[in-house]
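A.B. asks: Single-letter residue listing:
2 protein chains.
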Amino acid sequence: MKAGLLTIGNELLSGFTVNTNASWIGLKLGKIGIEITVHHTIQDNKSKIIFELEKLSEMASTVIVTGGLGPTHDDVTASAFYSYFEDSPIFDENYWNDLTDRFSKINYKIPDMNRNQAMKPEKGEVIQNELGSARGLYFKKGGCHFFALPGVPKEMKAMLNNSVIPILKNQVTNPLITRTIRTTGIPESALAEKINKNINIHHSQCSVAFLPKLTGVDIRLFCRDIKIIQDMEENLTPVIEKYVYGYDDVSLEEVVGNRLSELGLTLATAESCTGGLLGHRITGVSGSSNYYLGGIISYNNEAKMELLGVKKKTLETFGAVSEETVREMAQGVQSLFKSDLGISISGIAGPTGGTPEKPVGLIYIGLSFGKEVAVKKFNFFHDRDSNKRISSQVALNMIRLALKNE
Amino acid sequence: MKAGLLTIGNELLSGFTVNTNASWIGLKLGKIGIEITVHHTIQDNKSKIIFELEKLSEMASTVIVTGGLGPTHDDVTASAFYSYFEDSPIFDENYWNDLTDRFSKINYKIPDMNRNQAMKPEKGEVIQNELGSARGLYFKKGGCHFFALPGVPKEMKAMLNNSVIPILKNQVTNPLITRTIRTTGIPESALAEKINKNINIHHSQCSVAFLPKLTGVDIRLFCRDIKIIQDMEENLTPVIEKYVYGYDDVSLEEVVGNRLSELGLTLATAESCTGGLLGHRITGVSGSSNYYLGGIISYNNEAKMELLGVKKKTLETFGAVSEETVREMAQGVQSLFKSDLGISISGIAGPTGGTPEKPVGLIYIGLSFGKEVAVKKFNFFHDRDSNKRISSQVALNMIRLALKNE
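Chains A and B, in that order, are what the protein sequence lines are. Quick note on my numbering: the first sequence kicks off at 44 and runs consecutively. Quick note on my numbering: the second sequence kicks off at 44 and runs consecutively.
Just to be clear, a hint being listed does not mean it is correct.
If chains are identical, the list can't say which one is meant, so a pair holds when it fits in one copy or spans any two.
EDC-like mimics (lysine to aspartate or glutamate), calculated; alpha carbons at most 16 Å apart, straight line [claimed, not checked]:
#: 1; residue 1: K414; residue 2: E449
#: 2; residue 1: K270; residue 2: E97
#: 3; residue 1: K197; residue 2: D426
#: 4; residue 1: K420; residue 2: E97
#: 5; residue 1: K152; residue 2: E231
#: 6; residue 1: K270; residue 2: E345
#: 7; residue 1: K240; residue 2: D268
#: 8; residue 1: K212; residue 2: E78
#: 9; residue 1: K381; residue 2: E345
#: 10; residue 1: K200; residue 2: D426
#: 11; residue 1: K354; residue 2: E367
#: 12; residue 1: K71; residue 2: E54
#: 13; residue 1: K285; residue 2: D117
#: 14; residue 1: K152; residue 2: E78
#: 15; residue 1: K237; residue 2: D155
These aren't lab readings, by the way, just hints derived from the structure by calculation. Owing to the predicted nature of the structure, the values given are computational and were not obtained by experimental measurement.
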């Protein structure tokens with residue numbers, strides 16, 4: 044079943060408000076098997092709204108409109124609905140009394156301006172709003188369901204949950220199921236190449252989408268048949284097993300944290316160019332104090348030597364950004380915190396500080412686990428912030444891979 | 044001047060990705076006087092994209108399209124552009140060699156699939172992408188400018204800034220000027236109250252908007268006359284001077300960093316609940332190694348005692364989240380790094396770990412500067428991530444205020 048979404052408001056177009064309503068509604072409808080196939084954002088303008096009601100109902104069997112139900116002059120959604128459905132709204136005395144009462148409870152005399160919020164349709168229905176004064180509207184026309192809801196997120200969410208979802212749920216048979224496979228450490232195209240050999244990504248009943256982010260690529264499967272999704276997942280995973288860190292909403296720091304907990308191991312961090320980002324991500328997981336002991340942000344060489352025990356000679360011979368230095372940093376932080384694992388990062392985040400031999404984006408990561416130390420070298424070519432982010436991701440992934448077969 | 048925005052991607056419609064690109068573009072164009080009057084989001088579908096290029100160009104003189112420029116089968120934006128503009132793209136050998144080189148630097152053989160990203164238009168122009176493999180497209184038709192940019196925010200932003208804005212800027216006459224006054228440490232309503240007394244925020248030629256965020260409130264002035272904006276700013280600033288940390292896009296960590304540089308002072312951090320976020324923010328500023336020496340993430344009590352020299356008795360008597368502990372942490376990190384300033388944070392980020400006496404959101408921040416130590420106590424009541432973010436902001440603001448009159 045398809046839905047069209049119309050969000051109304053200048054503040055959305057100008058960018059002062061991020062349209063979080065749209066994604067919230069997308070997820071919510073997706074869960075009951077309704078797919079938003081088109082989303083338009085327009086200004087508060089009556090004739091434009093009427094035009095969109097017509098357009099969107101040609102493309103979808105449900106049209107959800109948010110915004111423009113307030114009491115002021117620029118709120119024209121209700122009026123557009125009445126015109127489009129050729130309805131003659133009537134004044135709802137009971138609701139007006141109710142509203143007057145609500146205002147008096149917060150010591151306000153209700154402004155006359157609010158009278159337009161007490162109108163109710165003859166041909167359509169009212170959607171109650173427990174949290175505000177703007178009620179919603181529900182109309183049916185030519186097999187299409189039309190809803191108008193306020194733009195205030197709290198009110199819209201409560202009304203969608205309590206009134207819209209129950210109506211729509213009954214209309215859906217055979218909902219779409221989604222499964223996300225989260226990968227890191229492989230570019231989108233290389234991942235697609237691996238997968239294409241083993242599965243038919245143009246499966247007639249299951250669609251596959253690649254969602255690349257700086258820190259990895261998500262593969263998303265959509266299908267109406269849970270068995271086909273499970274089959275796809277079973278065929279897919281072995282081919283790319285090394286890169287898959289989890290499913291659906293899980294983050295890499297959660298996966299690593301859970302694994303450390305399972306194994307009863309502890310971790311400490313030594314960060315140079317990431318400046319604390321790795322520690323920040325690890326401690327973003329509630330309960331991280333069970334396995335994360337702490338870290339050193341060794342931004343200058345003195346900290347590397349005095350706190351982490353990196354040898355002066357190592358720094359002089361190989362430099363702060365080198366295999367040898369991160370090796371000693373990882374061992375140093377492991378021994379300082381008496382942790383099972385010590386992870387270290389040193390690199391040139393940019394935009395300055397690069398040289399021909401050591402360009403911006405050169406990052407070394409060291410992992411000391413028990414008595415073994417592994418060091419990896421990377422050449423990223425991003426800006427400062429991205430280099431920090433991708434370095435923290437790669438470091439977490441090194442820990443994940445090291446603990447995979449423990 | 045009017046612009047239409049087309050954002051492409053199932054992940055936007057399904058709600059898996061919040062469309063932050065749209066609001067970012069809205070703000071960015073608004074700054075040079077271009078108003079987005081319509082925004083459509085559709086699926087990756089070639090004929091739908093072609094249909095929208097036609098529709099949006101009827102409503103606006105600039106059409107910006109994001110998304111669908113990747114190498115995989117579901118990326119069809121470039122192909123839709125070539126069809127709509129009746130162009131025959133040609134293979135760009137130089138760019139292909141460049142891409143091959145970039146992949147080899149991260150130890151990958153470039154997949155054949157990426158060849159479609161090396162195509163270039165004959166009738167239109169290519170928009171360079173320094174941060175990724177997907178280049179953009181620029182076409183002109185019937186007085187309308189059409190741009191295709193990738194959906195990856197970092198790449199889209201850099202390309203819009205470097206290539207799109209310079210082209211569009213020349214088209215605008217009498218643009219709207221925007222000035223943002225950035226504040227922190229005061230709630231929106233208190234700020235508005237202070238301001239309302241001194242200026243007429245309903246000025247006929249200059250509009251004022253309050254933009255509250257977790258970490259502070261931005262006051263935004265819009266006007267077509269630079270002199271009026273300057274007058275407004277001059278009237279406004281003295282009333283709220285203590286809370287203003289900067290203007291326009293500057294961040295608090297940049298302001299603090301610049302001030303430390305100016306004064307030739309150095310800083311070290313001791314973080315408990317923020318887990319490295321403060322260090323991460325400080326080192327997000329290029330050149331921070333001039334004043335930031337490093338830090339300790341003292342996530343457990345051993346680190347607080349052994350590295351920072353917090354007394355066992357202090358921890359036993361007052362606990363890790365206390366005025367006394369953050370005082371010793373600040374002094375400890377200052378003396379460990381031999382820095383001029385030492386800043387410390389300890390608190391209960393949540394969602395677990397709270398008690399009736401020490402609830403979630405209780406945060407202490409200590410600042411040791413020379414021989415003086417100041418400690419502040421805060422009661423936030425946010426989720427874990429927000430508590431970490433707001434704590435790092437408050438800590439930076441304490442440093443800013445301490446250095447204000449130095």
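A.B. asks: Are the hints correct? Go through all of them and say.
C.D. replies: Each hint, compared with the structure:
In this assembly of identical chains, the alpha carbons of K414 and E449 lie at most 16 Å apart only when taken from the same copy (15 Å versus 49 Å across copies). Taking identical chains as interchangeable, the C-alpha atoms of K270 and E97 are never at most 16 Å apart, the minima being 38 Å within one chain and 41 Å between chains. Taking the shortest Cα distances, K197 and D426 sit within 16 Å of each other only across copies (9 Å), while inside one copy they are farther apart (27 Å). In this homomeric assembly, K420 and E97 never come within 16 Å of each other (Cα to Cα): the closest approach is 57 Å inside a single copy and 48 Å across copies.
For the identical chains of this complex, K152 and E231 are inter-copy neighbours only, at 13 Å across copies versus 53 Å inside a copy, given an alpha-carbon limit of 16 Å. Taking the closest pair of Cα atoms, K270 and E345 never come within 16 Å of each other, the shortest separation being 58 Å inside a single copy and 51 Å across copies. In this homomeric assembly, K240 and D268 never come within 16 Å of each other (Cα to Cα): the closest approach is 23 Å inside a single copy and 61 Å across copies. In this homomeric assembly, K212 and E78 come within 16 Å of each other (Cα to Cα) only inside a single copy, at 13 Å, whereas the closest approach across copies is 38 Å.
When the C-alpha separation of K381 and E345 is checked against a cutoff of 16 Å, the pair qualifies only between copies, where the shortest distance is 10 Å, while the shortest distance within a copy is 21 Å. Taking the shortest Cα distances, K200 and D426 sit within 16 Å of each other only across copies (12 Å), while inside one copy they are farther apart (29 Å). In this assembly of identical chains, the alpha carbons of K354 and E367 lie at most 16 Å apart only when taken from the same copy (10 Å versus 35 Å across copies). Taking the shortest Cα distances, K71 and E54 sit within 16 Å of each other only across copies (13 Å), while inside one copy they are farther apart (23 Å).
Taking identical chains as interchangeable, the C-alpha atoms of K285 and D117 are never at most 16 Å apart, the minima being 52 Å within one chain and 25 Å between chains. Taking the shortest alpha-carbon separations for K152 and E78, neither the intra-copy value of 43 Å nor the inter-copy value of 38 Å comes in at or below 16 Å. Taking the closest pair of Cα atoms, K237 and D155 come within 16 Å of each other only across two copies (12 Å); inside a single copy the shortest separation is 62 Å, beyond that limit.
Hint compliance for this structure: hints 2, 4, 6, 7, 13, 14 are broken, all remaining hints hold.
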